[in-house]
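Enquirer: Here's the letter readout for the chains.
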Amino acid sequence: MIEVDHLTKRYGSVKAIENITFGVEKGEILGFLGPNGAGKTTTMRILTCFLPATEGTARVAGFDVFDSPMDAKKHLGYLPENPPLYQELSVDSFLDFVAKIKGVDSRERRRRIEEVKDRVSIKEYSNTLIKNLSKGYKQRVGLAQALIHDPQVLILDEPTVGLDPNQIIEVRQLIKSLSGDHTIILSTHILPEVSMTCQRVVIISKGRIAAMDTPENLTRQLQGAERIYLEVKGPESTVKTRIKEIEGVLRVESTRLDGDEAYSFSVETELKQDVRSKVARKIVESGYDLLELRAMSMSLEEVFLQLTTKEEGVRGQ
Amino acid sequence: MKNVLAIFEKEMKSYFVSPIAYVVLTVFLVISGYFFYNILTIFMERSMFAAMQSQQFGGPPPSIDVPALVSRNFFGVLSTVILFMLPMITMATFADEKRRGTMELLMTSPITNLQVILGKFLGALAFFFLMLVPTLFYQVFILVYSSPRMAFGPIFSGYLGLLLLGGSLIALGIFISTLTENQIVAASVTFGAFLILWVIDLSARSGGTALQEILSYLSILNHFEDFSKGVIDTSSVVIYSSFIFLGLFLTFRSIESLRWRQ
Numbered sequence: 001m002i003e004v005d006h007l008t009k010r011y012g013s014v015k016a017i018e019n020i021t022f023g024v025e026k027g028e029i030l031g032f033l034g035p036n037g038a039g040k041t042t043t044m045r046i047l048t049c050f051l052p053a054t055e056g057t058a059r060v061a062g063f064d065v066f067d068s069p070m071d072a073k074k075h076l077g078y079l080p081e082n083p084p085l086y087q088e089l090s091v092d093s094f095l096d097f098v099a100k101i102k103g104v105d106s107r108e109r110r111r112r113i114e115e116v117k118d119r120v121s122i123k124e125y126s127n128t129l130i131k132n133l134s135k136g137y138k139q140r141v142g143l144a145q146a147l148i149h150d151p152q153v154l155i156l157d158e159p160t161v162g163l164d165p166n167q168i169i170e171v172r173q174l175i176k177s178l179s180g181d182h183t184i185i186l187s188t189h190i191l192p193e194v195s196m197t198c199q200r201v202v203i204i205s206k207g208r209i210a211a212m213d214t215p216e217n218l219t220r221q222l223q224g225a226e227r228i229y230l231e232v233k234g235p236e237s238t239v240k241t242r243i244k245e246i247e248g249v250l251r252v253e254s255t256r257l258d259g260d261e262a263y264s265f266s267v268e269t270e271l272k273q274d275v276r277s278k279v280a281r282k283i284v285e286s287g288y289d290l291l292e293l294r295a296m297s298m299s300l301e302e303v304f305l306q307l308t309t310k311e312e313g314v315r316g317q
Numbered sequence: 001m002k003n004v005l006a007i008f009e010k011e012m013k014s015y016f017v018s019p020i021a022y023v024v025l026t027v028f029l030v031i032s033g034y035f036f037y038n039i040l041t042i043f044m045e046r047s048m049f050a051a052m053q054s055q056q057f058g059g060p061p062p063s064i065d066v067p068a069l070v071s072r073n074f075f076g077v078l079s080t081v082i083l084f085m086l087p088m089i090t091m092a093t094f095a096d097e098k099r100r101g102t103m104e105l106l107m108t109s110p111i112t113n114l115q116v117i118l119g120k121f122l123g124a125l126a127f128f129f130l131m132l133v134p135t136l137f138y139q140v141f142i143l144v145y146s147s148p149r150m151a152f153g154p155i156f157s158g159y160l161g162l163l164l165l166g167g168s169l170i171a172l173g174i175f176i177s178t179l180t181e182n183q184i185v186a187a188s189v190t191f192g193a194f195l196i197l198w199v200i201d202l203s204a205r206s207g208g209t210a211l212q213e214i215l216s217y218l219s220i221l222n223h224f225e226d227f228s229k230g231v232i233d234t235s236s237v238v239i240y241s242s243f244i245f246l247g248l249f250l251t252f253r254s255i256e257s258l259r260w261r262q
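Going line by line, the protein sequences match chains A and B.
Here the working numbering is used: the first residue of the first sequence is 1, the next is one more, and so on.
Here the working numbering is used: the first residue of the second sequence is 1, the next is one more, and so on.
This is chain A alone, in the form it adopts within the complex (with noise of 0.2 Å):
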C-alpha cells in the first residue's frame, strides 16, 4: 500500500532523512518512532506530496506522490501535527469544505460527513465553533478531516501529542479501531504509543533508519542487555581495562564524580548474566575502594533513547 525507496531529502548542505525504505501492507499500522527533529515529520510531508524529495521514490496507493501527486492526494488522509482547522468554522461546515476539497460526491457528502463525525464521536459538537473545542476534540476534528474522503492510507503526524491522559487512550483506541479498513502510518515519540498501537515499528533517528521489528520482537532484543552501575575511587582507564576483562561485559563507560579520585562506571552485560559479584571481588582485588554498586534495569525508553542517540544497539532486519 505504500513503498518507500531510498527517500532522501536535503535542505542545503542538511541532511533531513537518508535513504530510508521501507513498506506498508494494507490494513497495518506502522509506527513510526523517533526523537523530535528525527525526519519522522519530513517522510510523512512527502509522502503526503507536500514536500519533494531529493532523492528516491515513494508510492501512496501504487500512485508515485512525484509524478501522479493528485492521484496520491485522492487516496490519503493527513493529520499533521498540528491539525489544520479554521477555527472560526463550524464543526459541520468545516467538515464540508474538506469533503468538497478532497472531491467527495456532493449525493454522499452528508452521509460521509456524519459517518466521520460517528467514528470520531463529536456529533454533538455539529454546530460548535472549532475555537470552542477543547484540545482533544479539536485532534477529533482533525481526524474527521482525514478520513472525510474514506482514503485507503492514513498518515498521522503525532496524533496524541499535547492531550490529557484520558484522550490520549481514546485517540489511540480510535487509531486502532480504524486499522484494517485504513492503512495508517502514526509518527510519535513516546515509545509505549507504538507498542499499544502498531503491528510494525520503524524506528528512525538522524534521519536514518535504527531498527524495524515488531514492538515484541523489539523489545526483546532490545532488552537482551542488563546494565549495573558502581561507584570506584581509583584510576579511571585501569578500573575500565580490569572490568572489561570479566566475562559477559559488552561495555563500560565512565564519568568523573565531583571531588575526590572517584568515576562512576556504567557497565553493560550480556542477557542473564549477573556480574555484580565478580565485578566487586575484581575491583576489591586491584586494591581500589568500591563505593557503590547496584543493578540497573533498562526501561523501554532508556532501550529507545540507546537505539536513537547511538544506534549500535541492536538493528533488526
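Since the hints were made in silico from the structure, they are not lab data.
For every residue, glycine included, the Cβ atom is placed at its ideal position computed from N, Cα and C.
Incorrect hints may have been included.
Here are a few chain B residues that face chain A, going by a calculated C-beta distance under 7 Å [said to hold, decoys possible]: (1) 6; (2) 14; (3) 51; (4) 59; (5) 63; (6) 98; (7) 102; (8) 104; (9) 105; (10) 111; (11) 114.
Computed list of lysine-lysine pairs in DSS-like fashion (alpha-carbon distance at most 30 Å, straight line) [what the hints assert, rightly or not]: (12) B:2 with A:131; (13) A:26 with B:13; (14) A:123 with B:13; (15) B:2 with A:74; (16) A:131 with B:98; (17) A:135 with B:13; (18) A:74 with B:98; (19) A:206 with B:98; (20) B:98 with A:15; (21) B:13 with A:131; (22) A:123 with B:229; (23) A:278 with A:240.
Given the structure of chain A, go ahead and fit chain B onto it with the hints provided.
Expert: Showing chain B alone in chain A's frame:
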C-alpha cells in the same frame, strides 16, 4: 470549477465570521458617506453662488453640471479610500493559512494551487463588490434627483472601473500575503505598495516629460479617471487585466515555491 467554488464559499464564510469584515464595511460606509455629503455640499454651494452672480450681473446662466461633477468626484474619492481598505481584505488570504498550518491541508488535498488562488481572488473580489453595493445608493440618489436626468452610463463605467482597479489591487495584495505568515506584515507591506502606486500617479500628473508620460500610462490609478467620466478605454481594460494576471501569476509562483523552500 467545483474546487474553485468550494474555496470561494469558504473564503466568504471566513470573512463574515471575522470582525474584520464588519469593521471594514462600516468604516468604508462612514468614510464614503461623509465624503459624499461633503462633495454634494461643495458643488451645490458653488453652483448656487454662480447662479446668484449671473443673476446680479445679468450674465448667461452658469454651466456647472452638478450631478456629473458630484458623481465623478465621488468615484475619485472611492478609488482613494479603497487603497486603505483593500489591504485589510487581502492580508489574511495566504498569510493566515500559513500561520495556522491549513496551507498543509490545501496542499495535500487533490486540488490545484491555481484553483486555490482563483477561489481566494474571487472571494476577495466578491467581498469588495459587497463593500461597494451601499455606495450605489448615493449614485442612484444623484441620478434620481438630477434634472435634467443625468446619464446612467458614467455610473456603470465608474463601477466597472472600480472593480477592475480593486481587482488589480487585490491581486497584488494576495501576492504579498503569500510572502509572510504574519497578517500585520502583509497588510503593512500591501499598504506601502499601494502608496507607491499612488506616488507614481502623483508624479505622473505633475508634468509632461517623457518619463511622466510613461508613468501615466503605467499608473493604474490614472486609468481610473476615464472610467469615472464614462469612458471605457480598451487600453485601460487591458492594463487592468494584465495587472491582475501579473499579480495572480506571481502568487502562483510564490505558492509553488513554498514546497521547495520549506
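Enquirer: Indicate, hint by hint, whether the structure satisfies it.
Expert: Going through the hints against the structure:
Look at residue 6 of chain B: its Cβ gets to within about 4 Å of chain A, closer than 7 Å, so that hint holds up. Annotation: interface hint on residue 14 of chain B holds; nearest CB of chain A at approximately 6 Å, less than 7 Å. Annotation: interface hint on residue 51 of chain B violated; nearest CB of chain A at approximately 55 Å, more than 7 Å. For residue 59 of chain B, the interface hint is violated, since its Cβ never comes within 7 Å of a Cβ in chain A; the closest pair sits about 63 Å apart.
Hint status for residue 63 of chain B relative to chain A: violated, with the closest Cβ pair at about 54 Å, above 7 Å. At its closest, the beta carbon of residue 98 of chain B sits 11 Å from a beta carbon of chain A; the interface hint therefore is violated under the 7 Å criterion. For the restraint placing residue 102 of chain B at the interface with chain A, the shortest Cβ-Cβ distance is roughly 4 Å, inside the 7 Å limit, so the hint holds. Interface restraint check for residue 104 of chain B: the shortest CB-CB distance to chain A comes to about 5 Å, inside 7 Å, so the restraint holds.
Given hint, residue 105 of chain B at the interface with chain A, holds; its Cβ is 4 Å from that chain's nearest Cβ, closer than 7 Å. Given hint, residue 111 of chain B at the interface with chain A, holds; its Cβ is 5 Å from that chain's nearest Cβ, closer than 7 Å. The restraint placing residue 114 of chain B at the interface with chain A is violated, with a minimum CB-CB distance near 12 Å, outside the 7 Å limit. At roughly 27 Å between alpha-carbon atoms, residue 2 of chain B and residue 131 of chain A fall within 30 Å of each other, so this suggested pair holds.
Taking the CA atoms of residue 26 of chain A and residue 13 of chain B, the gap is about 39 Å. The hint is violated against a cut of 30 Å. About 22 Å separates the Cα atoms of residue 123 of chain A and residue 13 of chain B, which keeps this hinted pair within 30 Å; it holds. Between residue 2 of chain B and residue 74 of chain A the alpha-carbon distance is near 16 Å, which keeps this suggested pair within the 30 Å criterion. A hinted pair counts as satisfied when its Cα atoms are at most 30 Å apart, and residue 131 of chain A with residue 98 of chain B qualifies at roughly 17 Å.
Pair hint residue 135 of chain A plus residue 13 of chain B holds up; C-alpha atoms about 23 Å apart against a cutoff of 30 Å. Restraint check for residue 74 of chain A and residue 98 of chain B: satisfied, since their Cα atoms lie roughly 22 Å apart, inside the 30 Å limit. With a CA separation close to 27 Å, the supplied pair residue 206 of chain A and residue 98 of chain B stays within the 30 Å bound. Restraint check for residue 98 of chain B and residue 15 of chain A: the C-alpha separation of about 24 Å stays at or below 30 Å, so the hint holds.
As the CA atoms of residue 13 of chain B and residue 131 of chain A are separated by approximately 15 Å, the hinted pair is consistent with the 30 Å bound. For the hint pairing residue 123 of chain A with residue 229 of chain B, the CA-to-CA distance comes to about 57 Å; that exceeds 30 Å, so the pair is violated. With a C-alpha separation of about 14 Å, the suggested pairing of residue 278 of chain A with residue 240 of chain A holds against the 30 Å cut-off.
The structure fails to meet hints 3, 4, 5, 6, 11, 13 and 22 from the earlier list, while all remaining hints are met.
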